Amino acid sequence: EDQVTQSPEALRLQEGESSSLNCSYTVSGLRGLFWYRQDPGKGPEFLFTLYSAGEEKEKERLKATLTKKESFLHITAPKPEDSATYLCAVQADWGSGGGADGLTFGKGTHLIIQP
Amino acid sequence: GAGVSQSPSNKVTEKGKDVELRCDPISGHTALYWYRQSLGQGLEFLIYFQGNSAPDKSGLPSDRFSAERTGGSVSTLTIQRTQQEDSAVYLCASSFRVGYTFGSGTRLTVV
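As you go down the protein sequences, you meet chains A and B in turn.
According to the numbering used here, the residues represented by the first sequence are 1 to 115, in order.
According to the numbering used here, the residues represented by the second sequence are 1001 to 1111, in order.
If you are wondering where the hints come from, they were derived from the structure by calculation, not from laboratory data.
Please note: incorrect hints may appear among the correct ones.
To be verified - Here are the computed lysine to aspartate or glutamate pairs in the DMTMM-like style, where the Cα-Cα straight-line distance is at most 25 Å:
1. A:LYS107 / B:GLU1044
2. B:LYS1011 / A:ASP82
3. A:LYS42 / B:GLU1020
4. B:LYS1011 / A:GLU45
5. A:LYS69 / B:GLU1044
6. B:LYS1057 / A:ASP2
7. A:LYS57 / A:GLU81
8. A:LYS107 / B:ASP1056
9. A:LYS42 / B:ASP1063
10. A:LYS42 / B:ASP1024
11. A:LYS107 / B:GLU1085
This one's a predicted model, so the numbers in the text were calculated from it and none came from an experiment.
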């Protein structure tokens, strides 16, 4: 069974204080690892897809990295508008026997950036 | 449309009543997914459509839940004889190749 564990559950940072969010996963075969941002009362907003270990992607103050066991979302010099819940999800590879075609999500990291 | 549209945005229903939730995906997106998000829990996969067919219904929690998709577009999630544990935000997402686009969800409250 595919599993995704995110840590920490919540993180409070000062504006400009860089940090990293962790996503540990187990999947029989990885088709893709996804990062989403979710604001209160809204659906998740797509950020990144990573496909293989060693891959990195960047967008503004965010950088996502991937190993065979975990992914990190690095936030550099965050601003208050980066406050949100960040969700990590995995999708199993075709034919891996992983079952559902849908994404398996972690419970998220609730990030608060204080001015 | 420009995004995934879900309706209603909020629904309060009495225990035992049936409800229908609607999802209008992005035009041209062949894949459509339903998820459920409960307070303090992660997103729970319910069902996946490719075109009008549902190759994966493994996430539907009971036979009170059903879904259909017509014309390769609009999808309806139906919950019969609602129970209090069905209270959650129901999210729909559509996809063409990679990267889902989610709607804002329907918040269902069963009283």
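Practice task
Given the hint that LYS69 (chain A) pairs with GLU1044 (chain B), test it: the Cα-Cα distance must not exceed 25 Å.
Solution key: holds, 22 Å
Exercise for the section: Could you grab the alpha-carbon distance between LYS42 (chain A) and GLU1020 (chain B) and see if it respects the 25 Å cut-off? Expected result: With Cα atoms ~20 Å apart, LYS42 (chain A) and GLU1020 (chain B) stay inside 25 Å; holds.
Exercise for the section: Would you check the hint for LYS1011 (chain B) and GLU45 (chain A), treating anything up to 25 Å between C-alpha atoms as holding? Expected result: Holds, at about 23 Å.
Practice task
With a cut-off of 25 Å on the C-alpha distance, tell me whether LYS1011 (chain B) and ASP82 (chain A) pass.
Solution key: violated, 30 Å
Exercise for the section: Mind checking the alpha carbons of LYS107 (chain A) and ASP1056 (chain B) for me, to see if they're no more than 25 Å apart? Expected result: With Cα atoms ~22 Å apart, LYS107 (chain A) and ASP1056 (chain B) stay inside 25 Å; holds.
Exercise for the section: Would you mind confirming whether the straight-line C-alpha gap from LYS42 (chain A) to ASP1063 (chain B) stays at or under 25 Å? Expected result: Violated, at roughly 28 Å.
Handout entry: Hinted pair LYS57 (chain A) and GLU81 (chain A), Cα distance within 25 Å
Key = Distance ~20 Å between LYS57 (chain A) and GLU81 (chain A) Cα, so the pair holds.
Exercise for the section: Quickly compare the C-alpha distance for LYS42 (chain A) and ASP1024 (chain B) to 25 Å and report which way the hint goes. Expected result: Between LYS42 (chain A) and ASP1024 (chain B) the Cα gap is close to 16 Å, so the pair holds against 25 Å.
Exercise for the section: Verify the proposed pairing of LYS107 (chain A) with GLU1044 (chain B), using a straight-line Cα cut of 25 Å. Expected result: holds, 10 Å
Exercise for the section: Assess, step by step, whether the Cα of LYS1057 (chain B) is no farther than 25 Å from the Cα of ASP2 (chain A), and give holds or violated. Expected result: holds, 17 Å
Exercise for the section: Take a quick look at whether LYS107 (chain A) and GLU1085 (chain B) sit within 25 Å of each other, Cα to Cα. Expected result: Holds, at roughly 19 Å.
In summary, the structure is inconsistent with hints 2, 9 from the numbered list given earlier, while agreeing with the others.
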